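Asks: Listed here are the chains, written in short residue letters.
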Amino acid sequence: KAGVTQTPRYLIKTRGQQVTLSCSPISGHRSVSWYQQTPGQGLQFLFEYFSETQRNKGNFPGRFSGRQFSNSRSEMNVSTLELGDSALYLCASSALAGDRKVTQYFGPGTRLTVL
Amino acid sequence: GENVEQHPSTLSVQEGDSAVIKCTYSDSASNYFPWYKQELGKRPQLIIDIRSNVGEKKDQRIAVTLNKTAKHFSLHITETQPEDSAVYFCAATYNQGGKLIFGQGTELSVKP
Chain A
689 KAGVTQTPRY LIKTRGQQVT LSCSPISGHR SVSWYQQTPG QGLQFLFEYF
739 SETQRNKGNF PGRFSGRQFS NSRSEMNVST LELGDSALYL CASSALAGDR
789 KVTQYFGPGT RLTVL
Chain B
15 GENVEQHPST LSVQEGDSAV IKCTYSDSAS NYFPWYKQEL GKRPQLIIDI
65 RSNVGEKKDQ RIAVTLNKTA KHFSLHITET QPEDSAVYFC AATYNQGGKL
115 IFGQGTELSV KP
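Protein chains in written order, with my numbering: chain A, 689 to 803; chain B, 15 to 126.
Derived from the structure by calculation, the hints contain no laboratory data. This structure is a prediction, so every number in the text was calculated from the model and none was measured. Glycine is no exception: its CB is placed at the ideal position from the N, C-alpha and C atoms. Misleading hints may appear alongside valid ones.
[As the list claims (entries may be wrong)] Here are some chain B residues pointing at chain A (derived, C-beta under 8 Å): (1) Tyr46; (2) Pro48; (3) Glu93; (4) Phe103; (5) Leu114; (6) Ile115; (7) Phe116.
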């Protein structure tokens, strides 16, 4: 099976702009989670989508949003970009929630730079 | 609140020695504990995981132990090799598994 893919891989934006990142999960996986990785804060959970519904949410401002489509592909959007949003954004997919098959497999990430 | 503490932040060992990384979690409802290895510029890769109904799990040179009472879990790497050099993250799941709370990471350096 193909792994988790993310597009674009690199992005440069300026403050105030908005950005949309895309994630395609492993075929058959219905859960997609998003994480922000920075040198200072490490890996922080943004949100999780399962069957097109946001099921979990981290402690990020409302400028960060996401959605999931019927084919399980997911997008995240960041509006009104700030310098502090510069980070590696990782998505991960897993097959099923609950006690079984919760292993998350990560994509290569999108490196966002805000100038 | 939900929190995972990981120690040490950096670890340097000689090739062939063992390495141990320790994590503590806060929520007793956590039931799944994965470990990821991240090499520079690459995605986190799962190396081993353990569920709350198991106390220890081994996979070749890697083992993980879990103490539910103390809310501790640890990664043990034996006979370390230079290619083990990377950043290692522990994590704990909350809320049906889709939310991973990560430790701060341990940068492991294995010197030849």
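Asks: Next, verify each hint and record whether it holds.
Replies: Verification of the supplied hints:
no.: 1; hint: Tyr46; verdict: holds (5 Å)
no.: 2; hint: Pro48; verdict: holds (7 Å)
no.: 3; hint: Glu93; verdict: violated (26 Å)
no.: 4; hint: Phe103; verdict: holds (6 Å)
no.: 5; hint: Leu114; verdict: holds (6 Å)
no.: 6; hint: Ile115; verdict: holds (7 Å)
no.: 7; hint: Phe116; verdict: holds (4 Å)
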